[in-house]
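Asks: Assemble the whole structure, with the sequences as input and the hints as a guide.
First to last, the sequence lines map onto chains A and B.
Heads up: the first sequence is residues 1 to 420, going by the numbering used here.
Heads up: the second sequence is residues 1 to 420, going by the numbering used here.
Possibly wrong hints are sitting among the right ones.
The calculated lysine to aspartate or glutamate pairs, modelled on EDC-like cross-linking and capped at a C-alpha distance of 16 Å, are [claimed, not checked]:
id : chain 1 : residue 1 : chain 2 : residue 2
1  : B       : Lys31     : B       : Asp95
2  : B       : Lys200    : A       : Glu230
3  : A       : Lys357    : B       : Glu356
4  : A       : Lys272    : A       : Asp240
5  : A       : Lys308    : A       : Glu291
6  : B       : Lys45     : B       : Asp82
7  : B       : Lys100    : A       : Glu230
8  : A       : Lys115    : B       : Asp82
9  : B       : Lys200    : A       : Glu219
10 : A       : Lys413    : B       : Glu356
11 : B       : Lys271    : B       : Glu330
12 : A       : Lys211    : A       : Glu315
13 : A       : Lys115    : B       : Glu23
14 : B       : Lys222    : A       : Glu315
Derived CB-CB ranges, DEER-like [said to hold, decoys possible]:
id : chain 1 : residue 1 : chain 2 : residue 2 : range
15 : A       : Phe379    : B       : Glu330    : 53 to 59 Å
16 : A       : Lys90     : B       : Ser175    : 46 to 52 Å
17 : B       : Lys300    : A       : Lys178    : 40 to 46 Å
18 : B       : Asp82     : A       : Pro108    : 17 to 23 Å
Hint data in this document are derived by calculation from the structure and do not stem from the laboratory.
Quick caveat: nothing in here was measured; it's all calculated off a predicted structure.
For glycine and all other residues, C-beta sits at the position ideal for the given N, C-alpha and C.
Protein chains: 2
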Amino acid sequence: MSTKTSISELDQICKKAQAAKVELRSIIKSKKNDALKFSADFLHKNKRKLMEANSLDMDLANKKDLQESFVDRLELNEKRIDSMISGLDKIINLDDPIGKTDRPHRSPSGFEVSKMRVPLGVIGIIYESRPNVTADASALCIKSGNASILRGGSEASNSNSVIEECMQQGLEKASLPKHSVQLIKNQDRKLVSEMISRVKDIDLLIPRGGKSLIKVISEEAKIPVLKHYEGLCHVFIDQDADLDKAVSISVNAKTYRYGICGTMETLLASKKIASSVLPQIKSELEKNGVEIRGCQETLKIIDAKAAKEEDWLTEYLAPILSIKIVEDLESAISHINTYGSGHTDSIISENTSAVEKFFNEIDSSSVMHNLPTCYADGFEYGLGAEVGISTDKLHARGPVGLEGLTSQKFVIKGQGQLRS
Amino acid sequence: MSTKTSISELDQICKKAQAAKVELRSIIKSKKNDALKFSADFLHKNKRKLMEANSLDMDLANKKDLQESFVDRLELNEKRIDSMISGLDKIINLDDPIGKTDRPHRSPSGFEVSKMRVPLGVIGIIYESRPNVTADASALCIKSGNASILRGGSEASNSNSVIEECMQQGLEKASLPKHSVQLIKNQDRKLVSEMISRVKDIDLLIPRGGKSLIKVISEEAKIPVLKHYEGLCHVFIDQDADLDKAVSISVNAKTYRYGICGTMETLLASKKIASSVLPQIKSELEKNGVEIRGCQETLKIIDAKAAKEEDWLTEYLAPILSIKIVEDLESAISHINTYGSGHTDSIISENTSAVEKFFNEIDSSSVMHNLPTCYADGFEYGLGAEVGISTDKLHARGPVGLEGLTSQKFVIKGQGQLRS
Numbered sequence: 001m002s003t004k005t006s007i008s009e010l011d012q013i014c015k016k017a018q019a020a021k022v023e024l025r026s027i028i029k030s031k032k033n034d035a036l037k038f039s040a041d042f043l044h045k046n047k048r049k050l051m052e053a054n055s056l057d058m059d060l061a062n063k064k065d066l067q068e069s070f071v072d073r074l075e076l077n078e079k080r081i082d083s084m085i086s087g088l089d090k091i092i093n094l095d096d097p098i099g100k101t102d103r104p105h106r107s108p109s110g111f112e113v114s115k116m117r118v119p120l121g122v123i124g125i126i127y128e129s130r131p132n133v134t135a136d137a138s139a140l141c142i143k144s145g146n147a148s149i150l151r152g153g154s155e156a157s158n159s160n161s162v163i164e165e166c167m168q169q170g171l172e173k174a175s176l177p178k179h180s181v182q183l184i185k186n187q188d189r190k191l192v193s194e195m196i197s198r199v200k201d202i203d204l205l206i207p208r209g210g211k212s213l214i215k216v217i218s219e220e221a222k223i224p225v226l227k228h229y230e231g232l233c234h235v236f237i238d239q240d241a242d243l244d245k246a247v248s249i250s251v252n253a254k255t256y257r258y259g260i261c262g263t264m265e266t267l268l269a270s271k272k273i274a275s276s277v278l279p280q281i282k283s284e285l286e287k288n289g290v291e292i293r294g295c296q297e298t299l300k301i302i303d304a305k306a307a308k309e310e311d312w313l314t315e316y317l318a319p320i321l322s323i324k325i326v327e328d329l330e331s332a333i334s335h336i337n338t339y340g341s342g343h344t345d346s347i348i349s350e351n352t353s354a355v356e357k358f359f360n361e362i363d364s365s366s367v368m369h370n371l372p373t374c375y376a377d378g379f380e381y382g383l384g385a386e387v388g389i390s391t392d393k394l395h396a397r398g399p400v401g402l403e404g405l406t407s408q409k410f411v412i413k414g415q416g417q418l419r420s
Numbered sequence: 001m002s003t004k005t006s007i008s009e010l011d012q013i014c015k016k017a018q019a020a021k022v023e024l025r026s027i028i029k030s031k032k033n034d035a036l037k038f039s040a041d042f043l044h045k046n047k048r049k050l051m052e053a054n055s056l057d058m059d060l061a062n063k064k065d066l067q068e069s070f071v072d073r074l075e076l077n078e079k080r081i082d083s084m085i086s087g088l089d090k091i092i093n094l095d096d097p098i099g100k101t102d103r104p105h106r107s108p109s110g111f112e113v114s115k116m117r118v119p120l121g122v123i124g125i126i127y128e129s130r131p132n133v134t135a136d137a138s139a140l141c142i143k144s145g146n147a148s149i150l151r152g153g154s155e156a157s158n159s160n161s162v163i164e165e166c167m168q169q170g171l172e173k174a175s176l177p178k179h180s181v182q183l184i185k186n187q188d189r190k191l192v193s194e195m196i197s198r199v200k201d202i203d204l205l206i207p208r209g210g211k212s213l214i215k216v217i218s219e220e221a222k223i224p225v226l227k228h229y230e231g232l233c234h235v236f237i238d239q240d241a242d243l244d245k246a247v248s249i250s251v252n253a254k255t256y257r258y259g260i261c262g263t264m265e266t267l268l269a270s271k272k273i274a275s276s277v278l279p280q281i282k283s284e285l286e287k288n289g290v291e292i293r294g295c296q297e298t299l300k301i302i303d304a305k306a307a308k309e310e311d312w313l314t315e316y317l318a319p320i321l322s323i324k325i326v327e328d329l330e331s332a333i334s335h336i337n338t339y340g341s342g343h344t345d346s347i348i349s350e351n352t353s354a355v356e357k358f359f360n361e362i363d364s365s366s367v368m369h370n371l372p373t374c375y376a377d378g379f380e381y382g383l384g385a386e387v388g389i390s391t392d393k394l395h396a397r398g399p400v401g402l403e404g405l406t407s408q409k410f411v412i413k414g415q416g417q418l419r420s
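Replies: Structure representation (structure tokens):
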């Protein structure tokens with residue numbers, strides 16, 4: 001298919017999303033929840049059909065030379081479909097932010113001023129192999145009153161189409177506009193460049209996938225992008241740390257799961273306490289097969305590979321840990337603000353003023369005390385579902401829930417006042 | 001001076017701003033207010049020096065072929081300097097958002113989660129001829145704990161330098177980093193392109209000036225831009241409007257001041273009420289010398305110029321008003337969402353459900369009831385000082401006060417919990 005054809009297809013999709021957006025603006029809460037409930041029912045009824053579509057995708061993927069982890073993310077078995085369905089139920093139970101008003105007050109001229117939470121409008125989502133994103137992301141958009149345009153990976157296209165159908169059937173049954181959720185079926189790569197420059201059609205873009213996808217999109221996009229870039233997370237063992245906590249938290253922060261963004265990549269230890277904790281941490285990590293790369297001071301205490309400068313800048317997402325011994329709290333803060341990615345960093349300490357200094361001076365989306373960084377997650381924070389973790393500072397930072405998909409407008413109620 | 005030299009100058013400025021940013025993170029409220037108080041004192045003491053510097057600027061400007069309004073904005077007389085100083089006092093009295101925590105709650109695993117308001121870091125401000133922006137904008141940045149890099153218009157360079165000096169002296173006297181406020185003195189235009197691509201050095205850019213400046217900057221910037229683009233504001237006279245309010249509000253919305261972004265540019269009137277209000281509105285506007293451009297239906301009621309399609313898209317910022325008669329509320333909403341700029345739109349009506357529909361469906365940063373759109377202003381809303389009015393939907397929308405210059409971070413306090 002020519003690029004011209006695919007762009008006119010995108011035009012159509014954007015036009016339908018715009019129409020859906022307008023309708024969604026005045027939809028009441030219960031209807032949105034009905035749509036999610038019905039969509040969950042349709043997913044349940046179409047489980048077999050979805051598994052068949054997924055088998056097609058898996059067959060094609062297995063013929064290609066794709067990474068095992070990639071193919072794993074593509075797979076939908078009964079358990080994964082059930083978890084997708086229960087994900088929708090969880091979204092139904094979330095508090096709806098739309099229409100809430102904030103800080104009402106009277107203006108100097110006597111009129112009433114408040115801020116009302118409103119949908120953003122149209123949200124674009126670009127993602128890779130996981131088909132569950134089609135359900136999760138579109139459901140979060142429905143709940144927050146937004147139309148969504150989804151561009152999934154070509155490898156998941158059969159699975160994604162069935163999920164889109166179920167979501168749209170749910171919308172129709174609840175008398176909501178079917179085109180509130182639309183999947184771009186055309187796999188022309190030029191469509192992505194086109195999509196990310198549609199300032200008038202798409203209010204926010206959320207890329208979900210690997211670093212290279214996100215890098216390309218955020219560099220080229222003309223529309224606002226909510227991005228999760230990198231999680232180069234640190235744990236700092238302060239001189240006033242509890243030794244048991246220092247060991248258990250460090251080990252958990254590294255070994256809970258290697259591939260998540262909250263995993264610890266660099267451990268910093270105060271020189272006053274390093275020799276009391278590093279040997280035990282090493283022995284625990286060794287049992288888990290974690291490779292250690294230490295600074296020169298570390299190597300005086302434990303046997304390990306020597307770390308290079310680039311190790312402090314590397315998000316391994318693998319059973320590898322870099323360890324650095326630092327002079328004091330001040331040096332730890334400076335190391336983290338220099339080499340970190342502003343994601344999540346934790347201090348282990350029993351000293352309140354050290355913790356306070358760490359909290360104030362570390363410039364990251366989450367700062368933690370006596371906890372492993374792997375807790376960085378919207379569900380764990382009790383926010384309900386998350387659409388991603390933002391490493392940006394503007395609009396939404398850290399785990400992003402429904403509120404990140406909304407905007408606010410000023411609502412001003414007067415009685416005929418005139419400005420003089 | 002070569003561009004290479006000016007870029008190395010910018011490097012120096014950014015480096016100093018980064019250092020100031022780190023110090024500012026842990027500064028207590030009272031010190032920031034001290035700095036503002038001392039800066040106000042220095043401005044007061046240096047009033048004569050500032051007026052002399054401004055005379056130099058004015059002399060040079062008068063020799064060039066500049067617009068009268070441009071030269072007027074450049075001028076600093078005693079009254080304007082006093083108002084600049086009292087502006088700093090107002091900022092001192094504003095509530096400091098930094099360090100405030102939001103929504104503390106316990107996570108499912110029992111640790112404590114809250115969100116803390118923090119400075120953004122370094123804020124860049126690019127503006128045109130008004131020297132008062134140098135004081136206002138840098139003071140708002142100090143109060144919100146941010147370092148600022150200011151790039152004013154070349155015409156105001158002598159005035160801006162004196163103001164920068166006063167701000168820096170105030171900072172030093174309060175033992176805050178002097179380089180929390182820095183003016184780029186080099187007028188090489190390439191510096192602007194360089195400044196707006198410094199993703200690592202500048203967290204947010206605020207352009208203040210005409211549409212063409214803002215357009216160029218937002219199209220080219222790699223760093224986030226908080227922009228005020230256009231104010232194409234509407235007043236809609238609903239069929240259930242109070243006739244007296246309809247006339248007085250419409251006239252006030254147009255004639256309060258022609259050059260502000262909240263001025264009404266298009267008046268929409270329901271066809272059921274148009275003939276009862278338009279003649280009087282016309283006669284009042286005529287007294288003020290306002291030119292009317294009406295749709296075909298309008299011309300059947302009052303004598304006026306015929307409006308063209310482009311009139312509905314024009315922000316006149318002048319004594320010109322376009323008038324359109326619409327079928328009903330629905331058509332008014334659709335007109336505003338199609339032709340408006342998402343800034344501020346008002347409905348005049350005594351019908352609660354019409355007002356509610358208008359509030360829900362108009363996609364603008366401010367929606368008003370029985371008020372003239374010219375009230376769109378942070379001071380009028382009771383927000384204290386404003387750094388500008390954002391027509392973006394993300395981060396900050398509408399009049400932007402101190403909070404728009406901040407971010408939030410998650411603060412997570414644990415007791416050694418481990419994730420399993």
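Asks: Each hint: holds or not?
Replies: Here is how each hint holds up against the structure:
no., hint, in the structure
1, B:Lys31 / B:Asp95, "14 Å, holds"
2, B:Lys200 / A:Glu230, "15 Å, holds"
3, A:Lys357 / B:Glu356, "48 Å, violated"
4, A:Lys272 / A:Asp240, "9 Å, holds"
5, A:Lys308 / A:Glu291, "14 Å, holds"
6, B:Lys45 / B:Asp82, "11 Å, holds"
7, B:Lys100 / A:Glu230, "27 Å, violated"
8, A:Lys115 / B:Asp82, "33 Å, violated"
9, B:Lys200 / A:Glu219, "14 Å, holds"
10, A:Lys413 / B:Glu356, "11 Å, holds"
11, B:Lys271 / B:Glu330, "12 Å, holds"
12, A:Lys211 / A:Glu315, "11 Å, holds"
13, A:Lys115 / B:Glu23, "33 Å, violated"
14, B:Lys222 / A:Glu315, "24 Å, violated"
15, A:Phe379 / B:Glu330: 53 to 59 Å, "42 Å, violated"
16, A:Lys90 / B:Ser175: 46 to 52 Å, "51 Å, holds"
17, B:Lys300 / A:Lys178: 40 to 46 Å, "42 Å, holds"
18, B:Asp82 / A:Pro108: 17 to 23 Å, "21 Å, holds"
Violation of the numbered hints given earlier is confined to hints 3, 7, 8, 13, 14, 15; the remaining hints are satisfied by the structure.
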